[in-house]
Amino acid sequence: MLSRVADSLYWTTRYLERAEHTARLIDINMGLMLDRSRVSAERRWQRVLSAVGAAQGLGWNDDAAGMAGEPGRWVGVTALVHALCFDTTKHASITACIFAARENARQIRDEISTEQWQRLNGLFHEISRLRTAMPSERNLAEFLPTIIDGVHLFQGVTDTTLSHGEGWHVLRVGRYLERAWSITTLLDVYEREVFLGEDSDDAGEYLEWVGLLRICTAFEAFCRVHTSDLTHERILEFLLLDPDFPHSVRYAVDALHNALEAIQQHTRTQHGGELMRVAGRLKSTLAFAQIGEILAQEPVRYLRRILEQCREIHDLVYTVYIQYSVETALAV
Amino acid sequence: MTTVPVRGAFEHPLLRDYFMDAAFDEMFDGDGAIRPHYAALFHELTTLPPEEIRRRKQSADASFLMQGITFTVYGREEGTERIFPYDLIPRVVTGEEWDRIERGLTQRITALNLFLHDIYNDQKILAQGVVPREVVYTCQQFRRQMRGLRVPRNVYVAIAGTDLLRLNSGEFVVLEDNLRVPSGVSYMLTNRRIMKRTLPSLFRDYGVRPIDHYPQALLATLRSLAPEGRPEPTIVVLTPGVYNSAYFEHTWLARQMGVELVEGRDLVIHDNVVYMRTTAGLKRVDVIYRRVDDDFIDPLAFRGDSILGAAGLFNAYRAGNVTLANAFGTGVADDKALYAYVPAIIKYYLDEDPILNNVETYLLTDAKQREYVKQNLEKLVVKAVGESGGYGMLVGPQSSAAEREEFKRRIEADPRNYIAQPTLNFSRSPCLLEDGSIGPRHVDLRPYILFGDKVTIVPGGLTRVALRQGSLVVNSSQGGGSKDTWVLGTSQEAHAFASSR
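Residue numbers (my numbering), protein chains in the order written: chain S, 1 to 332; chain C, 1 to 501.
The set of hints was computed from the structure by calculation and includes no laboratory data. Just so you know, not all the hints are guaranteed correct.
[Claimed, not checked] Have a look at the derived ranges for each label pair, beta carbon to beta carbon:
| no. | chain 1 | residue 1 | chain 2 | residue 2 | range |
| --- | --- | --- | --- | --- | --- |
| 1 | S | N121 | C | P13 | 35 to 43 Å |
| 2 | S | S136 | C | E52 | 44 to 52 Å |
| 3 | S | N121 | C | G258 | 24 to 32 Å |
| 4 | C | P200 | S | E327 | 52 to 60 Å |
| 5 | C | G258 | S | V326 | 24 to 32 Å |
| 6 | C | G320 | S | R277 | 41 to 49 Å |
| 7 | C | V242 | S | D244 | 36 to 44 Å |
| 8 | C | V242 | S | E308 | 34 to 42 Å |
| 9 | C | I355 | S | D159 | 53 to 61 Å |
| 10 | S | S284 | C | H270 | 36 to 44 Å |
| 11 | C | S63 | S | D159 | 21 to 29 Å |
| 12 | S | N258 | C | G258 | 26 to 34 Å |
| 13 | S | G165 | C | H117 | 41 to 49 Å |
| 14 | S | H164 | C | G304 | 42 to 50 Å |
[Said to hold, decoys possible] Examples of chain S residues lying across from chain C (beta carbon under 8 Å, computed):
| no. | residue |
| --- | --- |
| 15 | Q107 |
| 16 | R109 |
| 17 | D110 |
| 18 | I263 |
| 19 | L330 |
[Stated by the list, open to error] Which chain C residues stay away from chain S? Per the calculated CB distances, all over 10 Å, these:
| no. | residue |
| --- | --- |
| 20 | A39 |
| 21 | E51 |
| 22 | Q123 |
| 23 | R143 |
| 24 | A220 |
| 25 | R468 |
Positions of the beta carbon are idealized from the N, C-alpha and C atoms, including for glycine.
Input sequences plus hints: build the corresponding full structure.
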């Protein structure tokens, strides 16, 4: 497979995964805002911005400043949410992600199945229609589920219409690397902002925890394992280390490792050693971790370490498969 | 021109707007009688209920849409991706007509390749004054870099698409040779696929000669041109990318041949060897069917600001490590001014008379001819020599006085850049109109020629239609459409076919 094609495949699913995650993040937080909450709107949305990696430097702070005064608060939040959904000048916005995913897919139109292209193209046109409307809650109530459904449908047709060969595995690498990254980032934000060990039986706190699980589509799955008896430890354990739940970090890393291994077999590359070492190490770290140990040390540091390794894997994917130097390639 | 009264067939309500004048009509002869090879088609069209025709047309349109058979129109801001307009009524060419076309095109491509070899090597034809040196040297497509360079099998033009017109007399003539990166072959083949589904029984009864083997023939041609010592060559199609108007065709051809579609950025040149960058490492490339113009293919050798090509490609080519089809510098042979010398070129190299004639052409570098052209602009068509696709041309009878003044200025400023031809009244073919009736529209014919170890011309081509009534411009970028071209067996074959059924 051409490296350029692999590059586009990888980013198609990365962007889609990101769009879906951000959509759920906004959807859940919009819902939480309706309840009486100790958390000020400003802190809540600052948290959302941190979770999408846009806390600083992307020009959101101007919008956030508008939220400070009580009378202007709601306007500020609406504007911010609207920007998070529709502003194509902001890389983290959902629309920007979908547009980027479609552009990547368009470049390799004949490498993916017609069904995949039609799903993605349909999503693109649906969004183009919705984003022209005036900002309103109803508009968002239509937009966010459209994104989530659209991405799910794309994943469905990907699995049922595309050959499960090298390209399919590259799509999985993009999806699961993004998932591991975004769930870990989210946990990192909650570790610093929400799980501060205060009175945990507080109803407001409880809502926030349910919110976290919902963002990861994990509430029902969590209850089936632990009942709705939420504790910091159990939530973190479930989202970080559960081997079976598809939105846990461990599951995502396992799937990522699996896909990378398959690609290595397909390409028979001689240069994949370091990549497989780093991916394998991350996989084992999670497989053999214990929540007690993680909490006893600094959980934030543990999460940051995972993020670093994800970034390392991304870089190595590029050096091994996409942007390798001519000298290394010829040195075999 | 007077309209000929037509008997019989024109009484049919479908033909209520049909008309004929001096132009050759593909379906009716001069007396308004149906030409024999159109009789079965005409019968089918007039006996199918109108709603059935409409239904088939809709289903054909939907099929084009679903397959994403689109092209891009330059110079328009919105809606630049469009379906190629398609006409349901095939154009029928008899076996005898085709035989002449095939021989004529073979003769022409052979002579033009000899010409290219000569001007990039010994230049005998220039030394003997058959073609003036200045016509070659002033051509922007003449590539000095190609001088003395060895080309596999001496084939410079491996893939050509030649535009033919049919004059009032019924004779096919060559309007222009496209020897650089001719496009449209994917439309020829997809038209055929859809046509087989639209009029299946008629198609079978006609015994239409097949064209579906074009991709294999193209692959065989490319393989035959591989550098020496590469018995299992890796072949790729090089595209400028997704924004090119013919991108659909590039992906389609790559897929049909089962080869990789690459962009310039996928290629790496190391030690004068071309590689493509794959996830499994660098893979050597031996033959490139390039759909990128000379100017853009190598920023080191040609335009430095090009990001479409691959740096160092020309050196690899010069070293003989990779074959490009077509070679560099073939544009000198389809220059519109050089075109006037093609009959002489055929005579010079093959000692034969041209089987397919040229259209009369005025060279504007010649003072006398230039003066004539300037006085008679309203009767002539003026074309820029380097342009194609219907851009940069003046159609005299349909131009305004201001446009003619503008062209006079341009011609004075740069006479070498323009040629003029009489406004041709070329043939019309019946087409299905918007309102469901049948009317005549001007058509041309572009057959595709492959030249590797042998010349292959699949029997057929792209018949382009000027869909607007009265229009003489068939280019897709100017609102033209296309239709399937049915080449029949020769009458002997047809007879054998009929008796075997």
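To see whether the hints hold, each was checked on the structure:
| no. | hint | result |
| --- | --- | --- |
| 1 | N121(S) - P13(C): 35 to 43 Å | holds, 42 Å |
| 2 | S136(S) - E52(C): 44 to 52 Å | holds, 49 Å |
| 3 | N121(S) - G258(C): 24 to 32 Å | holds, 26 Å |
| 4 | P200(C) - E327(S): 52 to 60 Å | holds, 58 Å |
| 5 | G258(C) - V326(S): 24 to 32 Å | holds, 27 Å |
| 6 | G320(C) - R277(S): 41 to 49 Å | holds, 43 Å |
| 7 | V242(C) - D244(S): 36 to 44 Å | holds, 40 Å |
| 8 | V242(C) - E308(S): 34 to 42 Å | holds, 35 Å |
| 9 | I355(C) - D159(S): 53 to 61 Å | holds, 58 Å |
| 10 | S284(S) - H270(C): 36 to 44 Å | holds, 38 Å |
| 11 | S63(C) - D159(S): 21 to 29 Å | holds, 27 Å |
| 12 | N258(S) - G258(C): 26 to 34 Å | holds, 29 Å |
| 13 | G165(S) - H117(C): 41 to 49 Å | holds, 44 Å |
| 14 | H164(S) - G304(C): 42 to 50 Å | holds, 44 Å |
| 15 | Q107 | holds, 5 Å |
| 16 | R109 | holds, 7 Å |
| 17 | D110 | holds, 4 Å |
| 18 | I263 | holds, 7 Å |
| 19 | L330 | holds, 7 Å |
| 20 | A39 | holds, 40 Å |
| 21 | E51 | holds, 29 Å |
| 22 | Q123 | holds, 39 Å |
| 23 | R143 | holds, 27 Å |
| 24 | A220 | holds, 23 Å |
| 25 | R468 | holds, 31 Å |
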